[in-house]
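Protein chains: 2
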Amino acid sequence: MNKPDRLPATSIFPMGEKIAGDGIANNHFTGTAWLRMLVPDDSTFHCPVGNVTFEPGARNNWHKHPGGQILLVTGGRGYSRDEGKKVRVLHEGDVVKVAPGVKHWHGAAPDSWFSHIAIMPDSEKGDAEWLEPVTDEEYRAIPKK
Amino acid sequence: MNKPDRLPATSIFPMGEKIAGDGIANNHFTGTAWLRMLVPDDSTFHCPVGNVTFEPGARNNWHKHPGGQILLVTGGRGYSRDEGKKVRVLHEGDVVKVAPGVKHWHGAAPDSWFSHIAIMPDSEKGDAEWLEPVTDEEYRAIPKK
Numbered sequence: 004m005n006k007p008d009r010l011p012a013t014s015i016f017p018m019g020e021k022i023a024g025d026g027i028a029n030n031h032f033t034g035t036a037w038l039r040m041l042v043p044d045d046s047t048f049h050c051p052v053g054n055v056t057f058e059p060g061a062r063n064n065w066h067k068h069p070g071g072q073i074l075l076v077t078g079g080r081g082y083s084r085d086e087g088k089k090v091r092v093l094h095e096g097d098v099v100k101v102a103p104g105v106k107h108w109h110g111a112a113p114d115s116w117f118s119h120i121a122i123m124p125d126s127e128k129g130d131a132e133w134l135e136p137v138t139d140e141e142y143r144a145i146p147k148k
Numbered sequence: 004m005n006k007p008d009r010l011p012a013t014s015i016f017p018m019g020e021k022i023a024g025d026g027i028a029n030n031h032f033t034g035t036a037w038l039r040m041l042v043p044d045d046s047t048f049h050c051p052v053g054n055v056t057f058e059p060g061a062r063n064n065w066h067k068h069p070g071g072q073i074l075l076v077t078g079g080r081g082y083s084r085d086e087g088k089k090v091r092v093l094h095e096g097d098v099v100k101v102a103p104g105v106k107h108w109h110g111a112a113p114d115s116w117f118s119h120i121a122i123m124p125d126s127e128k129g130d131a132e133w134l135e136p137v138t139d140e141e142y143r144a145i146p147k148k
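Heads up: the protein sequence lines correspond to chains A and B, in order.
If you're matching positions, the first sequence starts at 4 in my numbering and goes up one per residue.
If you're matching positions, the second sequence starts at 4 in my numbering and goes up one per residue.
Isolated chain A, as found in the complex:
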């Protein structure tokens, strides 16, 4: 099954394929998430765009983008954190800019679905560098709001 039991509030763009979850984590996520590439990486725009949906509690590993990343939040409630900074709580309509090379992660709140569009400018500078998971201890320590 490739659909969650409860759909997120917003589904303008297709959810796409399950990329982690059911206890079978891939290398880059904790919990279950879905990805639909809206614009695949190419040599014309070198600006891939993806629609990412996280189930409650799901988040990606710490990672870096050589060209940076822009997130447009389309639904639910989630988090983003740049290394050394406080967690930012995100809602529909929020915009996150992560500068090139900055170590960061993003994902859902424990009790909410979360969806965002992810834009990766200047992809010709290189692929994302995936790092260690956000531990349960680290994630649970985020203040509830």
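Keep in mind that the hints were calculated from the coordinates and are not lab data.
Worth double-checking, as some hints may not be accurate.
Intra- or inter-copy, both count: the list cannot distinguish identical chains.
Below, computed lysine-lysine pairings styled on DSSO-like, alpha-carbon distance capped at 27 Å [as the list claims (entries may be wrong)]: (1) K100 with K128; (2) K21 with K88; (3) K128 with K147; (4) K67 with K128.
Fit chain B to the given chain A structure using the hints.
Relative to chain A, chain B alone:
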């Protein structure tokens, strides 16, 4: 007044400021549209992102982007046309890729609001080149669907 009488179906992102209309067209639009820059142009990402909302019948002039343009349709029904190609009818969830330097326009259908996110990759290659309006004759000749 800076708000339309009837709001478009989708308003995840702020509509922003009116950029044309009430008979006072700017140089680049026919009819009334609203623009909110979600990511202003800068030297870090050089990938500005804007939320654009068109009232029924509104459209931008023919124009070109040196770095190309990606449109993510978030609501309503609209059109896009590359020079020499047929009009493409657009609905929520559609994605349009306009290659660098291609002359094109986009806007609402005559009887529907229309909104899209516009991504301009590689803005360091130069600003949009704005050209002539899409005439009423040209616009009215689009087949109704």
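Is it within a copy, between copies, both, or neither that the alpha carbon of K21 lies no farther than 27 Å from that of K88? Neither: 30 Å inside a chain and 36 Å across chains, both beyond 27 Å.
Between copies, within a copy, both or neither: which fits K100 and K128 at Cα up to 27 Å? both (17 Å within a copy, 21 Å between copies)
Classify it for me, K128 with K147: is the Cα-Cα distance of at most 27 Å met within a copy, between copies, both or neither? Intra 37 Å, inter 44 Å, cutoff 27 Å: neither.
Quick one: K67 to K128, C-alpha cut-off 27 Å, is that within a copy, between copies, both, or neither? Answer is both; intra-copy 12 Å and inter-copy 25 Å each pass.
Consistency with the previously given hints fails for numbers 2 and 3, ordered from lowest to highest.
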